[in-house]
Amino acid sequence: GIQVEQSPPDLILQEGANSTLRCNFSDSVNNLQWFHQNPWGQLINLFYIPSGTKQNGRLSATTVATERYSLLYISSSQTTDSGVYFCAVEHNFGNEKLTFGTGTRLTIIP
Amino acid sequence: DVKVTQSSRYLVKRTGEKVFLECVQDMDHENMFWYRQDPGLGLRLIYFSYDVKMKEKGDIPEGYSVSREKKERFSLILESASTNQTSMYLCASSPRYRDYGYTFGSGTRLTVV
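Same order as they appear, the protein sequences are chains A and B. One rule links them: number in this note's numbering = place in the first sequence (from 1) + 89. One rule links them: number in this note's numbering = place in the second sequence (from 1) + 277.
This is chain B alone, in the form it adopts within the complex:
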């Protein structure tokens, strides 16, 4: 089975801190994605990547950046955490150009105080 592993299940950070959320997949997938999930707003795409060192903005990239130095790892960075970034963050991966669905990690619930 494909596994997508997110480094932390729960995280509490202070306003203004730089926060790193890590995601690792073990099936050589080209595509990786970061979503955030909020009550009433559903899942919204922050950033995605088709390959190493490639990144594309999603629907809500403001306040975030990403890094993909290795194919298996996709990091989400909150440059200066704010309380409105308190959310559930979900990472996913999928193979490119093949009829196969996304595989999600178990999520990181981030609280910014």
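Here chain A stands alone, though its shape is the one from the complex:
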């Protein structure tokens, strides 16, 4: 099956800092999503981004499908950004099931 690797596995930053999280995948994809899991376990969909660039407030994401990677940018980090960020991809067209990476744990220190 498709492999999804995220880096770095852990990231500790001071409040106000910027960060870039990376997701590499081993084959072509039809769907790529970024999620944030908060400390209470709730997974929130941040972006549906199989290709191109999207922005939502302080967050933005870019997927370069031909080179098999995606980046999630967080600017001016806040403590509420802490948690685990997951990248997930859909490999087989029409299948619509996602394979998740192992996540990046982000900790924002006040």
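Mixed in with the good hints there might be a few duds.
Stated by the list, open to error - A short, non-exhaustive set of chain B residues, derived as facing chain A with CB atoms under 10 Å: (1) Y312; (2) G335; (3) E339; (4) M365.
As the list claims (entries may be wrong) - Straight-line Cα separation of at most 25 Å, SDA-like style, residue types lysine to any residue; simulated pairs: (5) B:K290 to B:M365; (6) A:K143 to B:K334; (7) B:K334 to A:S117.
Calculated from the structure, these hints are not laboratory results. Where a beta carbon is used, it is the ideal one built from N, C-alpha and C, also for glycine.
Mind docking chain B on chain A? Use the hints.
Frame of chain A, contents of chain B only:
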């Protein structure tokens, strides 16, 4: 907003019991999914469903079954609970054939003793 509701936040069951985990979504989504999340293993797909009465095995279906009698409800069944099924169970839904992401429920943390 789409809501995906899981019936229990925490559940403790005994080994050998039959366990039902319920998931309900309110936005008429065709697709529904059950994942389990374990430390070091990430999220793994157990079963998914594209429509009423349809089901497909995911990556780790052993020891589980599912039921989808109504479009809004997707149930995960542990036929005979075992301690290695202690985990966080997450339900998700999404519309079919549209460029829209998954919506997850808040999870059920199941402990089998």
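Structure-based check of all given hints:
no. : hint             : in the structure
1   : Y312             : 8 Å, holds
2   : G335             : 7 Å, holds
3   : E339             : 17 Å, violated
4   : M365             : 6 Å, holds
5   : B:K290 to B:M365 : 14 Å, holds
6   : A:K143 to B:K334 : 33 Å, violated
7   : B:K334 to A:S117 : 22 Å, holds
Hints 3, 6 from the earlier list are contradicted by this structure; the remaining hints agree with it.
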